[in-house]
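K.L.:
Read off the chains here:
2 protein chains.
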Amino acid sequence: MPVQPRTPPGVLELLPPQQLAFQHMLDTIRRGFERFGFLPVETPVFELSDILLTKTGGETEKQVYFVQSTGALKQADAGKLPELALRFDLTVPLARYVAEHEAELNFPFRRYQIQRVYRGERNQQGRYREFYQCDIDVIGKDTLPLAYDAEIPAVIHGIFRELAFGPFTIYINSRKLLRGLLESLEFAADEHLHVLHEIDRIGKQHPSDIQARLADGPSIMAGGSDPAKQHEHVQRLFGLLVEQGRDSRGTLEALRRFDRPSPLLAEGIAELQQVYDGTLALGVPDRALQINLAIVRGLDYYTGTIYETMLDEHPRLGSICSGGRYDNLAGHYTRSKLPGVGISIGATRLFSQLVKMNLIGQVRGAVAHALVLQVDAALAAECAGMAAELRAAGLNVEVYGGDDKLGKQLKYADRSQIPLAVLYGSREKDAGIVKLKDLRATAATREHDVPRGELAARVKQLVGEIQ
Amino acid sequence: MPVQPRTPPGVLELLPPQQLAFQHMLDTIRRGFERFGFLPVETPVFELSDILLTKTGGETEKQVYFVQSTGALKQADAGKLPELALRFDLTVPLARYVAEHEAELNFPFRRYQIQRVYRGERNQQGRYREFYQCDIDVIGKDTLPLAYDAEIPAVIHGIFRELAFGPFTIYINSRKLLRGLLESLEFAADEHLHVLHEIDRIGKQHPSDIQARLADGPSIMAGGSDPAKQHEHVQRLFGLLVEQGRDSRGTLEALRRFDRPSPLLAEGIAELQQVYDGTLALGVPDRALQINLAIVRGLDYYTGTIYETMLDEHPRLGSICSGGRYDNLAGHYTRSKLPGVGISIGATRLFSQLVKMNLIGQVRGAVAHALVLQVDAALAAECAGMAAELRAAGLNVEVYGGDDKLGKQLKYADRSQIPLAVLYGSREKDAGIVKLKDLRATAATREHDVPRGELAARVKQLVGEIQ
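One line per chain: the protein sequences are R and F, in this order.
Count along the first sequence from 1, add 6, and you get the number used in our numbering.
Count along the second sequence from 1, add 6, and you get the number used in our numbering.
Please note that the accuracy of each hint is not assured.
Note: identical chains are not told apart, hence a pair may lie in one copy or across any two.
In the BS3-like style, the derived pairs of lysine-lysine whose C-alpha atoms are separated by at most 27 Å in a straight line are [unchecked claim]: (1) K443 / K362; (2) K86 / K68; (3) K68 / K80; (4) K210 / K362; (5) K86 / K435.
These are calculated hints, taken from the structure and not from any lab test.
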């Protein structure tokens with residue numbers, strides 16, 4: 007009895023037509039990264055466990071997949087972690103890579119990385135254990151100018167414009183600005199993370215509920231409890247966060263007019279302004295870029311600019327592409343200070359959601375542009391030569407193998423969604439022509455008799471390879 | 007104290023310029039596969055252990071990497087294998103994939119797959135624990151015409167011609183023919199594998215040593231010991247295997263003239279002839295294709311045509327691309343009979359060997375064609391607009407961030423191997439021009455003053471994007 011063939015839960019395996027659409031997406035992302043000069047990096051799927059788990063992060067460690075060869079498994083010491091573990095993101099491998107190859111890299115180091123990552127999560131709807139991340143980062147040595155923060159949304163804009171999933175907005179904010187705001191509103195420093203955490207819920211919960219919870223909750227004020235002040239300052243904070251419109255310049259203006267200025271707030275405002283202006287200068291239209299003070303993006307890693315991206319017509323998807331600026335990439339592996347800025351597209355999750363919503367059409371069903379049929383066994387070698395000729399002209403071509411009836415051959419072409427069939431029998435040979443059958447539903451003309459010498463040019467024309 | 011950043015042994019991690027060369031190789035392979043209409047498939051890095059290890063193969067199982075989440079690791083039952091294991095090749099995942107999706111695939115099913123595989127081998131020079139395989143296979147349902155066997159060398163020829171690693175030869179043979187030969191020479195059926203194993207050593211050991219060992223060794227004859235006959239028949243076998251020249255037609259002729267004909271041998275000869283002729287008809291020149299009766303290719307999986315590929319000037323590399331025809335792909339997972347033919351390029355090993363031998367030059371050092379320098383902070387927005395314009399024209403462009411001295415900016419461009427620098431200061435602005443600095447050692451002219459309106463066209467021209 008054969009074993010039931012199946013994949014483990016939590017992976018996305020695609021049939022060829024979907025795989026073609028997914029590859030088109032990854033190719034577009036890669037081309038978009040390269041358009042800005044980012045360099046490719048690939049790292050091994052596994053890292054040494056002691057490298058991967060330097061951050062003794064509870065949640066992360068629980069999700070790690072460990073890897074052991076059969077030999078290691080047999081000798082496993084229950085108290086010791088296995089030597090290898092699968093990467094759970096592309097940031098830790100980047101940190102290790104940059105620290106390891108520091109002397110050989112040219113800073114600011116711009117890298118892109120499109121690889122799968124692994125998380126041993128319990129299987130939930132829409133949660134993947136294996137999924138693609140498409141990351142870019144620019145890493146500076148000691149410092150990294152803000153101009154690089156302005157470039158990130160321009161890269162993302164180019165890619166999502168080309169992917170054509172509909173209108174989208176890249177939201178930017180600044181952690182520095184937020185911290186300045188919390189400081190000048192006199193919230194206690196050790197309550198900032200708590201307040202940011204609550205702000206992060208805007209969009210998931212009603213803002214007035216969050217506001218009430220903060221205003222009426224335990225004291226969060228510097229200098230001790232003062233319920234009236236807390237109430238007022240939370241109200242002022244939410245006034246800024248929630249009442250901002252789509253007008254980014256207006257938001258910056260309101261912040262500048264804020265009557266509790268502080269040096270940190272002023273710096274945050276100036277930086278966000280610079281990033282905003284810089285991104286527009288790179289050709290991103292202002293309808294696709296918006297300052298949004300309510301985005302927070304995690305709670306400790308990012309220190310400056312932060313990014314989220316939403317499909318305007320599908321807010322339920324949440325952010326489809328997020329990132330930000332951080333102070334130091336690789337403190338675990340090197341004493342060099344390596345500030346950076348980056349962003350990540352979770353391609354697997356995005357793709358599967360868009361497919362479910364019918365927002366990803368099929369790019370093409372087949373790789374082949376044409377299928378050369380076998381009409382007459384005596385002409386098989388000539389047909390093979392024709393295929394070689396078409397391939398040399400840059401076309402993707404299949405040759406039907408074997409001597410099945412023509413109807414069966416055409417059915418194969420049709421099921422395979424190959425747009426054109428090439429027929430060459432003794433009748434065509436005598437007439438010095440080749441018959442092309444256009445199999446697409448949209449074809450205006452079904453059959454074309456083409457002079458033998460014009461075959462490649464006419465096939466190219468029909469499949470639209472030539473403008 | 008930071009942790010020493012390092013990768014596990016047995017992986018190939020590349021610096022960006024090498025990664026660019028490697029990607030160029032993978033892209034060329036992919037394009038070559040698509041030229042023949044093969045469809046992309048990607049499978050998860052891990053399979054369920056019971057799926058992956060259905061063949062209770064001792065050697066394979068010893069090399070498997072098992073995967074466990076932290077939770078699974080804690081609950082591990084010493085007697086039970088972990089649930090997941092990393093794929094060790096692309097053939098078992100293909101078998102599982104085809105069996106699982108059989109109803110949705112269109113046969114003959116042509117797939118390519120370019121992914122990494124994992125083997126928990128002891129680390130040896132040149133042995134990788136993680137490496138790319140680039141596979142194609144055509145899978146038939148019940149039957150698969152020989153025409154597909156003829157196509158495989160044509161695909162490989164197109165790819166290696168484009169990769170330009172120097173002259174190469176694709177060797178073909180037939181397991182059926184070999185079995186026919188052993189049969190008609192009256193070697194005992196249960197000694198065939200042993201004899202093939204010895205033949206497989208030709209190229210590694212001196213043929214006369216192998217011949218002597220077989221001729222003078224224990225009886226391998228059907229019908230009982232007959233030392234004189236054994237001596238003679240081994241001699242006749244080696245005469246055919248070793249004395250064949252580079253002339254494939256001559257080899258086939260010699261086989262046809264063989265005075266101990268048998269139906270199996272005749273079938274093997276006819277099939278190999280058909281594959282040979284079919285490959286030539288697809289445009290492969292006969293200097294790149296050779297029938298070689300001494301290639302055996304493993305010992306049980308393949309049943310018909312077999313392939314090896316050698317770089318003519320580097321025989322020590324051994325076969326850089328091998329495969330063959332098999333009777334039934336997925337007997338472990340389905341009752342359907344699925345014959346197939348395929349071939350595999352071990353890209354990681356090949357790349358690393360060619361780099362060591364200086365046979366892979368650097369394709370390009372940078373992704374970016376041009377770097378826009380910051381000459382005058384007041385013109386930063388205009389420079390950003392110029393970059394956007396060049397990108398819209400299809401060029402890959404970096405913008406230097408920050409206000410470092412021009413010398414430092416140029417040094418960055420130079421170290422990054424970016425071919426062109428774009429300078430635009432107030433002097434250029436007043437004159438309505440942009441200054442292009444060609445940073446390549448080969449540049450005939452170092453500096454070009456280009457009218458502002460011709461910027462994109464001139465940059466394209468300089469980097470050779472336009473013919």
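K.L.:
Does each hint hold? Answer for all of them.
P.N.:
Verification of the hints:
In the homo-oligomer, the alpha carbons of K443 and K362 never lie at most 27 Å apart, since the shortest distance is 34 Å inside one protomer and 50 Å across protomers. For the homomeric pair K86 and K68, the shortest alpha-carbon distances inside one copy (15 Å) and between copies (22 Å) are both at most 27 Å. In the homo-oligomer, the alpha carbons of K68 and K80 lie at most 27 Å apart both inside one protomer (23 Å) and across protomers (11 Å), since each shortest distance falls under that limit. Only within a single protomer do K210 and K362 lie at most 27 Å apart by alpha-carbon distance; the minimum there is 22 Å, versus 56 Å between protomers.
With identical chains, the CA atoms of K86 and K435 are never at most 27 Å apart, being 74 Å at best within one copy and 66 Å at best between copies.
In summary, the numbered hints that this structure violates are 1 and 5.
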